[in-house]
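Chains A, B and C, in that order, give the protein sequences. Using my numbering, read the first sequence as starting at 1 and increasing by one per residue. Using my numbering, read the second sequence as starting at 337 and increasing by one per residue. Using my numbering, read the third sequence as starting at 675 and increasing by one per residue.
These are calculated hints, taken from the structure and not from any lab test. Cβ atoms here follow ideal geometry from the backbone N, Cα and C, with glycine treated the same way. Possibly wrong hints are sitting among the right ones.
[Claimed, not checked] Incomplete in silico selection of chain A near chain B, CB under 8 Å:
{"id": "1", "residue": "K53"}
{"id": "2", "residue": "K54"}
{"id": "3", "residue": "R235"}
{"id": "4", "residue": "H251"}
{"id": "5", "residue": "N255"}
[Said to hold, decoys possible] In silico negatives: residues of chain A with every beta carbon more than 10 Å from chain C:
{"id": "6", "residue": "M1"}
{"id": "7", "residue": "F109"}
{"id": "8", "residue": "I175"}
{"id": "9", "residue": "I258"}
{"id": "10", "residue": "I276"}
{"id": "11", "residue": "L327"}
{"id": "12", "residue": "N329"}
[Stated by the list, open to error] Each computed SDA-like pair below joins lysine to any residue, with the alpha-carbon atoms no more than 25 Å apart:
{"id": "13", "chain 1": "B", "residue 1": "K400", "chain 2": "B", "residue 2": "T435"}
{"id": "14", "chain 1": "B", "residue 1": "K509", "chain 2": "A", "residue 2": "D77"}
{"id": "15", "chain 1": "B", "residue 1": "K400", "chain 2": "A", "residue 2": "K60"}
What follows is each chain in one-letter form.
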Amino acid sequence: MLRFILTRVSLVIPTFIGITLLAFFLIRLVPGDPIETMAGERGIDAARHEQLKKDFGLDKPLIIQYGYYIERVLHGDLGKSIVTRESVLSEFQTLFPATVELAVCAILFALFLGIPAGILAAVRRNSIFDHGVMGISLTGYSMPIFWWGLILILVVSVQLGWTPVSGRIDVLYYIEPVTGFLLIDSFFSEDEGAFMSALGHLILPTIVLGTQPLATIARMTRSAMLEVLGEDYIRTAKAKGLSRFRVIGLHALRNALIPVVTVIGLQVGVLFTGAILTETIFSWPGIGKWLIEAIFRRDYPVLQGGLLLVGVIVMSVNLIVDLTYGLINPRIRHNR
Amino acid sequence: MALLEIENLSVEFPTQGGIMRAVDDVSLKLDVGEVLGVVGESGSGKSVTMLALMGLIPFPGRVKAKKLSFNGRDLLTMSDRERRKLTGKDVAMIFQEPTTSLNPCFTVGFQLTETLRLHEGMDRKAARRRAIELLEQVGIPSAESRLTAYPHQLSGGMNQRVMIAMAIACNPKLLIADEPTTALDVTIQAQILDLLMTLQKERNMALVMITHNMGVVAETAKRVMVMYAGQIMEERSAADLFASPQHPYTAALLAALPERSEGSRLATIPGVVPGLYDRPRGCLFSPRCAYATEHSRNVRPELRPWAGGHVRCHYPLGDPNRNANMNADHPLGTEAAS
Amino acid sequence: MTAETMEAPLVAAPTATPPHPLREFWGYFSANRGAVAGLFVIVGVVLVALLADVLAPHSPYLTDTKIALKPPFWQEGGSITYPLGTDAIGRDILSRLIYGSRLSLLIGVIVISISIVVGTVLGLVAGFARGVTEIFIMRLMDIVLTMPSLLLAIVVVAVLGPGLVNSMLAVALVILPHYVRLARAAVITETSKDYVTAARVSGAGNLRLMFKEVLPNCTAPLIVQASLGISTAILDAAALGFLGLGAQPPSPEWGTMLADAREFVLRAWWVVTFPGLAILITVLAFNLLGDGLRDALDPKLKR
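Next up, chain A with everything else stripped away, as it sits in the complex (with noise of 0.2 Å):
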């Protein structure tokens, strides 16, 4: 089991490295260049540029400049938004809760669902359900999420006046950050209505940004099961006159949980990318928006740090469930 660890751990570094790269070269490739950049529209002197490039370290090999970076990285250092004049790492530990927290939220919402819907349809196979399930998680898969988003506002939020438009909270509320998650903030600032208005502004995010995972949760339990059910070792749980509910409920689902796991390791990276449409649509003051908004302020210092930082996490949720699943699945478990 260490040498699983010890060997999985290992294989993220250059993965890493890799990441390191494409965060510091892909932004050298912008046009232009980056101390006029910086400088934006007013311009600068031929004396001040070379001071800056020099203090920049931008007068030496690509080479050193990598090393450069990798060195301010290692320390922390991402450096500072062109716009904001904050510091990117700063400001990334301020929006990423409220991501994380509608990220939880959709990931919860598409396992609640996906999970239970699949493995009906699993068991009854070629049924009116199964196709039913098939067809709408297939049609959620295929969805375009920007106007899914825009559909449910137009119908739930202007039509039914069910839920805010957008946003985290009602403005009337403020609640300090604790923990940035303005769902625990809230519930603990013993404000039922901030809590209750918080919750409210999280449904339809939540909704929009599980959609593709709870399909892609549900096909793949559905299609795990399935063949976990013509295993041998299920014929030998019937043989045993075990009930139906326990044949399928403990001896199929712990089995087909197995490749379920992967694949919800697999929606992290789904999830930033649907987190950057949510937010945008939803005004939700998060990662994905800041980084959209980055761009089209050119704040290239918060793309890259945004990049780097994204491309970690996800790195390391791949890596934990990686180890999750040498976790709950014996084979790997015991030293194989």
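Take the given structure of chain A and dock chains B and C to it, following the hints.
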């Protein structure tokens, strides 16, 4: 009273190309403590027959029978719930691939105690004690420590012992062993067979030994049923069958045994078991039979009482009028006329 | 000893013959009603795209502020001249959708072509070369896969500059790893098979092996992946358009149309609804087709 009675059992699977009849009109009686060998090539329907008895035919498959009774109880009219109380308790089954037949996600101990707790209502402690006893009975060394092992940590032979322990956990009246040794090493095969026979004698348990290996049958069974393409071809006492096979198919199977081979070459049966697309109109074995005639190609023989058992052939090998009958029916083979 | 070693079958009287492989494929495919429906929709979209000049009642670019935000014909104030209504500057939505189908199909096909060609070549190289080359290519693909696809595409577009062509390149890069992995896996399974060894023994070079022996044997999974990939490409390109990074206005690209329409979501539902519906239906059709192809081509699922 017979322990098990099956009359006119058929199992059909609908497929894209039509209905596949895996078991065709099988009837069978088995007494308490009797050992029956069921022999046939792959795809002869021997396993499916027993799966139908266990109620384990997967979804699109259809089971039809005039009678299916066990220990005086009618399995056809019984509710699923009632039937599950029987399966795993009074009728148990072990399978060909011990390693894939055990759930990879649960320990041996869990899978073993599960049966005990379900059927015998034991608590965790009692079930654990009994599980250790059972593992010792099936010859697993340091049984207690094996309880926490996962199937992939044990060898195939060990896993088959675990399967046997699971099957005999509730003292079944009937044990069905579906090719229990096929997937194992030759040396292990003999050990497992010995174990099964010892347990059968100790407990006076009826045993159905499904195999495609005539040698295994010779070592174990009192009575033998030979199946081909879903039908019973011959069914007689083991001693009679080995001494004087009545069906050409049985004779061919026996001739394929190395110890019975004449000369240096091993006899084979040409052709394969008919599939969905090439099921003959007449006798199902006729395309591969050395003694086939016009008549046997066109008319399917009935299973009839013969020589102390039953045989499904127009021209049983021990029939004194055999040559005359065959010649009258336009023989096709070369050996037949001589 | 067993009697299982049998020789070739003798004259067996066949009552039916197994169907021809292509017929069998069509049999499986046509049994899947969803896949057939997907195929019909795709054929329909292709026809609409080809006949856009004939079908579209108006020019997709013609603006007329006098008729801005006209609702669809069945609503009060709508007229049959503009069946699905008009947008904020009076352009006919139906005509824009019809012309937009050209863009979406073009995006899907071009992106997939780039990805398949580059991806297959990289995958074949990785599979045959092994060693450092393989590690380098596969690690690179892992990194691309690790990054959230849209984020990577956005950054690429941010670097190259917004626009239809650049967004297509970005999407092609993002979906590239799937094809590389597929091709490499195919090479590795195929090269371990006997016929490749046979070809190698008889003196076939690597290049010949790649294109004559291995490639034809991994076309089936590539076709399936291509069909599913077109839907991803259309979806991602539309997302970039929606974010203002893809096709630029006044291009009638469906995602770009949605971006324009966002601010009118409260006043004019039709401006928002129809372009998204067009994306959904097209993407769904390609996914249905892909699923159907996979089920029909995958022998594992045949019972």
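Quick rundown of the hints versus the structure:
no.: 1; hint: K53; result: 61 Å, violated
no.: 2; hint: K54; result: 62 Å, violated
no.: 3; hint: R235; result: 6 Å, holds
no.: 4; hint: H251; result: 5 Å, holds
no.: 5; hint: N255; result: 5 Å, holds
no.: 6; hint: M1; result: 24 Å, holds
no.: 7; hint: F109; result: 19 Å, holds
no.: 8; hint: I175; result: 28 Å, holds
no.: 9; hint: I258; result: 18 Å, holds
no.: 10; hint: I276; result: 6 Å, violated
no.: 11; hint: L327; result: 22 Å, holds
no.: 12; hint: N329; result: 21 Å, holds
no.: 13; hint: K400(B) - T435(B); result: 32 Å, violated
no.: 14; hint: K509(B) - D77(A); result: 75 Å, violated
no.: 15; hint: K400(B) - K60(A); result: 85 Å, violated
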